[in-house]
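Asks: Given two chains presented individually in distinct reference frames, assemble the corresponding complex, making use of the accompanying hints.
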Amino acid sequence: MIKFDIQNLKLYYGDYQALKGIDLAIEEREITAFIGPSGCGKSTLLKSLNRMNDLVEGCRVVGKVLLDGEDIYGALDVTELRRRVGMVFQKPNPFPMSVYDNIAFGPRTHGITQKHKLDEIVETTLKNAAIWDELKDRLKKSAIALSGGQQQRLCIARALAVQPEVLLMDEPTSALDPISTGKIEELILDLKRRYSIVIVTHNMQQATRISDKTAFFLLGEVVEFDETENLFSAPRDKRTEDYITGRFG
Amino acid sequence: MKSRQRTKRKPLDLALAAVTYIAAGLTVAILLLLIGYVVIQGVPNLKLSMFSPRYTSENVSAFPAIVTTVELTLLSLIIAVPLGVCTAIYLTEYARRGNRVVGLIRITAETLSGIPSIVYGLFGMLFFVTALGWGFSLIAGALTLAIMILPLIMRTTEEALLSVPDSYREGSFGLGAGRLRTVFRIVLPAAVPGILSGVILAIGRIVGETAALIYTAGTAAEMPTLTGSARTLAVHMYTLSSEGLHTGEAYATAVILLVLVVGINALAAFSAKKLTRA
Ligand SMILES: Nc1ncnc2c1ncn2[C@@H]1O[C@H](COP(=O)(O)OP(=O)(O)OP(=O)(O)O)[C@@H](O)[C@H]1O
Ligand SMILES: [Mg+2]
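First to last, the sequence lines map onto chains E and G.
In terms of my numbering, the first sequence has 191 at position 191, counting the first letter as 1, and numbering is strictly consecutive.
In terms of my numbering, the second sequence has 1139 at position 139, counting the first letter as 1, and numbering is strictly consecutive.
Hints were generated in silico from the structure; no laboratory data involved.
Possibly wrong hints are sitting among the right ones.
Said to hold, decoys possible - Going by beta-carbon spacing under 7 Å, a handful of chain G positions derived as facing chain E:
(1) S1167
(2) L1175
(3) G1176
(4) I1186
(5) A1190
Virtual Cβ for every residue (Gly too), placed ideally from N, Cα, C.
Chain G on its own, in the form it takes in the complex (with noise of 0.2 Å):
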C-alpha cells in the first residue's frame, strides 16, 4: 500500500507539495533578503568608536543603549515573570472551575494583549511619569513594559500549564503529596519549556518596543540609571534615523539589534534545555 502512494502521486499532491514548498522558500527568501539588507547596509557602517562608553554626537555611541536593553529586559522579565506565572498558577492549579474571578481575569488578559503598545505608553506616561513623578526614567519604562507583556506571559504559562497531563497530578496526590508540592515539583518543571518560550516572545517584544518606550523612559542617551531617563538599541535606532544626520549609525545599530537578539534567544534555548534536563 504505502510503496504504491509513494509512487504514484495524485496531481493534487503534488500541487499542494508544490505549494508548501514555494511558501517554505518565499519565507525564507525574504528573511535573508531582510536580514542581508541591514547586514550589507549596516556592516560598512560599524566603528569602533560607536562601542565608547559614553555618547557623544560625534562618536553617535550605541553602547549605552545596548546596557540600557539589557537592563530594560532583565528588570521587566523580573517584574513581569513571576507576577504571570503565579497568576496562571492560580488559575490553572487553585481557581475553582467557573469561578466568576478566573472569567475576568482571562477577558482582561485576552484583551490587554490586544492592546496596541502606544496606549500602554501614554498609560505609563500618565501614571508612572507624571502622577507618581518619577519623570522620564528607566524603572518606568521597565514597568510599562512589564504590565505590557504581563498577558502575554500569563497565557502562554496557562497553555503550559494546562498541557501538563493529570496523570502527573493523580500520581504526585496518590502518593501524599498535597497542592503546592505537586504544583512546584512535578507540574511547573514540566510546563518550564512552554513558560520560556513565551519569555521568548516577550523579549522579543521588549527589544523591539519603542513607542511606549519614548513616553515613558524618555530618549536620553546616557548610560542607564534606574531613576533616569535612558534609551534602548531600537528607540536609540529610531531617533538616528529620524533625525536624519546618522542613517547609517542606524544601520550599523540594526546589526547590533540583530546580534543582541539572536544572542538572547540562544541563550534563553540553552537554559530552557538544560532547565528540563535537570
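Just chain E, same shape as in the assembly (with noise of 0.2 Å):
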C-alpha cells in the first residue's frame, strides 16, 4: 500500500525554487530515509508533507500530495493532516512543561479532555515510546531537566499520542550521542510495524541500518530512490555512487 503518493511536486521560497518536481511514493509501514547533501531539500520535501511549510511566508506549492489517495493541499483540513502525519525534530523541543502535559498537549488539542483518558494515553504513548520505566516516576516533573535522549524519545512519544499513521524525522538523532541514538534507532525499528515512518539522515550508516528505501536528493530533485540494499550495494546513478562513497557532499 502506498502511504505517500508525491506528483510533481514543485516548492518555491519566494522566487527560489528549492523543489523541482518530486515523484515519490512512500510506503506503508516501511521506514523511507532521505539523504543528500545540505541544502538539497531534504527538509522542505519532508515539511511538505504535513504542511509545516505553510508557516513559511512567501512558500508556494505546485503539485500533488496523495495521502491514502486524498490531496493534502486541496480539502483535507490541516489539523487533521497533523494528527495523523506527526514531525519530530533535529533538535528535541519538548514544551517547558511537565512530562504528563508534553505527551497530553496533542490529545487535549483534539479535543480529548477527560482525566481517565488522558491517563491511559500518556502511560501507552510512554510505554510505546519504551521510556515508561524511566519516566514513570517523574511525570509531574519539568520535561526540560531531561536528558537529549530522553528528550528526544519524549518528542517521538509526544507525536505518538495523538495516534498518527505517519512519522516524520528530520534528522532525529543528529544532536545526539551513540548511546540515546541506538536506543532511538532500536524505538524507530520497533515503530514501523505500526506507522509508517520517513526520516532525513546525515549518516550513511543510519539509513542502511534502519530503513527500507532510500531516496537520494540532490539540488531540489530526487537522483535515485529504491532498496536501501540496492541503493547502496549497486547504485544506478553515478551522482548518488559518489554521493555515498563520499566523494562530494
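Replies: Structure follows, in C-alpha cells:
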C-alpha cells in the first residue's frame, strides 16, 4: 500500500525553487530515508508532507501530495492532516512543562479532556516509546530537566499520542550521543510495525541500519530512489555513487 | 592550560578585575548610603498617627496615600497590561513581517517611551480632566499612567515573546494546534517571566511618578475614590517637602514608600516563580 504519493511536487520560497518536480511513493509501514548533501531540499520535502511549510512566508507549492489517495493541499483539514502525520524535529523540543502535559498536549488539542483517558494515553504512549520505565516516576517533573536523548524520545512519544499514521523525522539523532542514537534507532525499528516512517539523515550507516527504501536528493531533485540495499550496494546513478562513497557532499 | 591561566594572571586582567570590583563596590556603597540616609532621617519621624485612617493637618497621615498608591498601581496595570500584552502578541505572532502597521506601532511605542512624564500629565489634564470633564480624579491619573507605561509593557512583552524559541511553536503546530492555542498555551506561558519583569519596571515608574499625577489626580490627601482627587505616596512626599512644614514626615513617608516598593517587587518575583513552575 502506498501511503504518500508525491506527484511532480514543486516548491518555491519566494523566487527560489527548492523542489524541482519530485515524484516519490512512500510505502505504508516502511521506513523511508532521505539522504543528500546540505541544502538539497530534504527538510523542505519532509515539511511539505504535513504542511509545516504553510508557516513559511512566501512559500508556494505546485503539484500533488496524496495521503491515502487524498490531496493534502486540497480539501483535507490541516489540523487533521497534522494529527495523522506527526513530526519529530532535529533538536529535541519538549515544551517547558511537565512530562505528562507534554504528552497530553496533542490529545487535548484534538478534544480529549477526561483525566482518565489522558492518563491512559500518557501511559500507553510512553510505553510505546519505550521510556515509561524511565519516566513513570517523573511525570509531574519538567521535561526540560531530562537528558537530550530522553527529551527526543519524549518528543517521539508526544507525536505518537495523537495516534498518527505517519511519522516524519528530520535528523532526529543528529544532536544526540551514540547510546541515545542507538536507543532511538531501536525504537524507530519497533514503531515501523504500526507506522509509516520517513526519516532524514546525514548518516549513511543509519540509513542502511534502519531504512527499507532510500531516496537520494541533489539540488531539489530525487536522483535515485530504491531499496536501501540496492541503492547502497549497486547505485545506478554516478552521482549517487559519488555521494555514498564520500566523493562529494 | 586552565590552571596555568589561573596562577599566572596578566596585569591587564588584574586591572580589569579591579575596575569591576571597584565599580560594583561603589554602586553598592551609593545605594546603601542613600537608603541609610533616608532610613536614619525617616525612621525617628515615623509615628503611629501617620497611619490614622483620616488625614488632618496635625497628624499628616500617610494612610490615604498608601491606599491610593496601591489602588492607582493596580488600576493602571489592569488597563495597560492586557492591552500591551495583546498588542505585543499581535505584533510578534500574528502580523506578517514587513507589515506597515507593525512598523508604525513600533515607532510610535519607541517614541512614546522616550517622552518625559510631564508631557503625559499635560495630555491627561487636557483630555481626561478638562475635555472629558472628569476633574482631578484617581481614574484620570490611572488612565494617564496606563498610557505612560503602555509602551514599556508592550516592548518588554514583545522581547519576551521573541525570545521564546521557534522550536516550541513548530512543536505545537506540528501536533495540529492552531495559532490561538499555540500562542496562549505554549508561547505566552514561556514568556511570563519576561513579561513580569516588564510589569515590575512599570510598577516602579507608577509608584515613583509625581509630575504626571499632580496634573491629573491632583493632590487631595483624602481616601481615594475613583472620581475624586487623591495623592500617592510620592506626591504626598513631594507636597510635604515643598510646603516645608513637615520635612520630617516627608522622610518618614520615604521610608514607607521604600518598604512598599520592596514589598511589591517581592510579591511580583514570588508570583513569577509560582507562574513559571505551574
Ligand atoms: N524558509 C526558507 N526560506 C527560504 N529558503 C529556504 C527556507 N528553508 C530552506 N530554504 C532553502 O531551500 C533549500 C533546501 O533547504 P532544506 O532545508 O530543505 O535543505 P536540507 O536538504 O534539509 O539541508 P540540511 O541537510 O542542511 O538540513 C536550501 O537552499 C535552503 O537555503
Ligand atoms: Mg534539513
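Asks: Which hint numbers doesn't this structure obey?
Replies: none
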